[in-house]
Amino acid sequence: MKQIYLDNAATTQMRPEVLEAMMPHLTEAYGNASSIYPLGEEAAATLAEARRTVAQAINADDREVYFTSGGSESDNWALIATAEAYESKGRHIVTSAIEHHAILHTAEYLEKRGFEITYVPVDEFGIVSPAALEAAMRPDTILVSIMFANNEIGTVEPIAELAKIAHNHGALFHTDAVQAFGHLPIDVKEMGIDLLSASAHKIYGPKGTGLLYMRKGVRSKAFIHGGQQERGLRAGTENVAGIVGFAKATELALAEQAEEAARLGELRDYAIERIEREIPHSRLNGHRRERLPNNVNFSFEFIEGEGMLLQLAFKGVSASSGSACTSGSLDPSHVLLAIGLPHEIAHGSLRLTLGRDTTREDVDYTIDALKGTIENLRAMSPLYEDFLKDQKKAS
Amino acid sequence: MAFAYSEKVMDHFTNPRNVGEIENCSGCGTVGNAQCGDIMRVYLDIDDNRRIRDVKFKTFGCGAAIATSSMATELVKGKTIQEALEVTNKAVMEALDGLPPVKVHCSLLAEEAIHAALWDYAEREGIVIEGLEKPKTDIHEHETEPEYALA
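Those sequence lines, one after another, are chains A and B. Note that the numbering used here has the first sequence beginning at 1, numbered continuously upward. Note that the numbering used here has the second sequence beginning at 1001, numbered continuously upward.
Next up, chain A with everything else stripped away, as it sits in the complex (with noise of 0.2 Å):
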């Protein structure tokens, strides 16, 4: 069977051209970086090849990119380090509520060691406004978090101009970057971004790599307390071959991006006028024009996502949902409810995530399996008949 994958937002698959960038540091390359010898010397040369790639691709200087295990711990470190570090200036932070569990949830940590988080709303689509920014910010605000891309729906935020109002209040400005990073331009001098979260796996380089962004003058307590790797800041012995791949896939990510946004974008915008057009009570989630090119996201009334992702399954198209019976819990996706959706209606939503493989043919096929499993669900809920029976009385 035709095998379909959407969840890109999710993980993507690792590129040829990155494995082969990796194969010699997980072979014969196998130096440690600290070492003095050649082989650790090259690892240590290798290394600093790569920094100076993913630096580049942001406008960093190498200095100021920390590699880390990925996206989560890059969130993780940005938030605590950055609050221990500035503590005695102030204890409150601000993010938005339509976050990444990785800045919500160590948002809750820091909440409960005495901090003050104060959580900005987003409008229907999902901007976090500027004027809700200044509304939250305090003379004790030390830090802004404000992701730069919503992973869910896609909404790509103001930060140059959030960037500014923190600053405005003497806070730091960090960015959970892991949907945008390498997708669309990034310039953290331009912008003003002050910390920055990465994560290699989203851009078809391997799992267990990202890196945090700290501009210079930034100040931070270390993470993982141990060597001097990474400034002395972030101990362990460095992941070579997953920095290399983290290197090799933003070089490709960069090259390609303007092209390839492009043809995302289109694709998208395709799908998402045929799933309008063909498939009635359906709704578009996130913003039309301010979105990641590689994101669908639609709520589908009087159905259940779960079910829907399942029959898709059946159909070998993979994707995912905002529905709670997806993630064990009885509330669906936060980030759905903080867009205004009623909880039935964010139950049956469907997120369909584009890559670099996909084309207007698995689209073509998506839609038309998504067709037939929302006609098929609908005829089994009772919500449905409701609305049909109610229909029919008004009429």
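Treat the hints as calculated values from the structure; they're not laboratory data. Every residue gets a Cβ at the ideal spot worked out from N, C-alpha and C, and that includes glycine. Check before you lean on any hint, since a few could be wrong.
[As the list claims (entries may be wrong)] Here are the computed distance ranges between Cβ atoms for each label pair: (1) A:D368 <-> B:E1021: 26 to 34 Å; (2) A:E278 <-> B:R1017: 55 to 63 Å; (3) A:G372 <-> B:T1088: 28 to 36 Å; (4) A:D368 <-> B:K1079: 40 to 48 Å; (5) A:G372 <-> B:K1079: 28 to 36 Å; (6) A:Y37 <-> B:D1097: 14 to 22 Å; (7) B:E1083 <-> A:H101: 43 to 51 Å; (8) A:K164 <-> B:E1021: 55 to 63 Å; (9) B:E1007 <-> A:A85: 53 to 61 Å.
Since the structure of chain A is already known, use the hints to place chain B on it.
Structure of chain B alone, referenced to chain A:
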């Protein structure tokens, strides 16, 4: 947890039995709420000997909710109303070769939906069905801690 389901659950989700409505039914009950993501509606057609001649359901919910509705309706079909009362959520789960722990509440909802339809029937007939309590319309997971899970 997409494929954490047993083959029986997948079968009843993919080919649910007894989907539909019964016009002029003898009893009908709806339980659950859309907030929690599960609503089940059961229609019963009961003959003069108080035997369930036919049963249909409609469910808004996850794969497990649809599968438990399908299995519960299969289990009560052809039974007397007293026998139908003995079809517990545990029986539904066992017939499905178990459910993941977070889905146990779906089987409770299925049991409750059958009871709600029987209650409606009893009210219409003006009878008392021994052992049948007025069903709750809402079943929340936190009210009913899952005690067991078979698969």
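Verification of the supplied hints:
Against the hinted window of 26 to 34 Å, the Cβ-Cβ separation of D368 of chain A and E1021 of chain B comes to about 28 Å, which satisfies the hint. Checked against the hint of 55 to 63 Å, the C-beta distance between E278 of chain A and R1017 of chain B comes to roughly 30 Å, which is inconsistent with it. Take G372 of chain A and T1088 of chain B: their Cβ atoms lie about 35 Å apart, and the range 28 to 36 Å holds. A beta carbon spacing of about 41 Å between D368 of chain A and K1079 of chain B agrees with the range 40 to 48 Å that was offered as a hint.
With their beta carbons about 34 Å apart, G372 of chain A and K1079 of chain B fall inside the hinted range of 28 to 36 Å. Separated by about 59 Å at the C-beta atoms, Y37 of chain A and D1097 of chain B break the suggested range of 14 to 22 Å. A hinted range of 43 to 51 Å for the beta carbons of E1083 of chain B and H101 of chain A is consistent with their spacing of about 47 Å. Here the CB-CB span from K164 of chain A to E1021 of chain B is close to 58 Å, well matched to the stated 55 to 63 Å.
Under the hint 53 to 61 Å, the C-beta atoms of E1007 of chain B and A85 of chain A, about 54 Å apart, fit the expected range.
In this structure, the earlier hints numbered 2 and 6 are contradicted, and the remaining ones agree with it.
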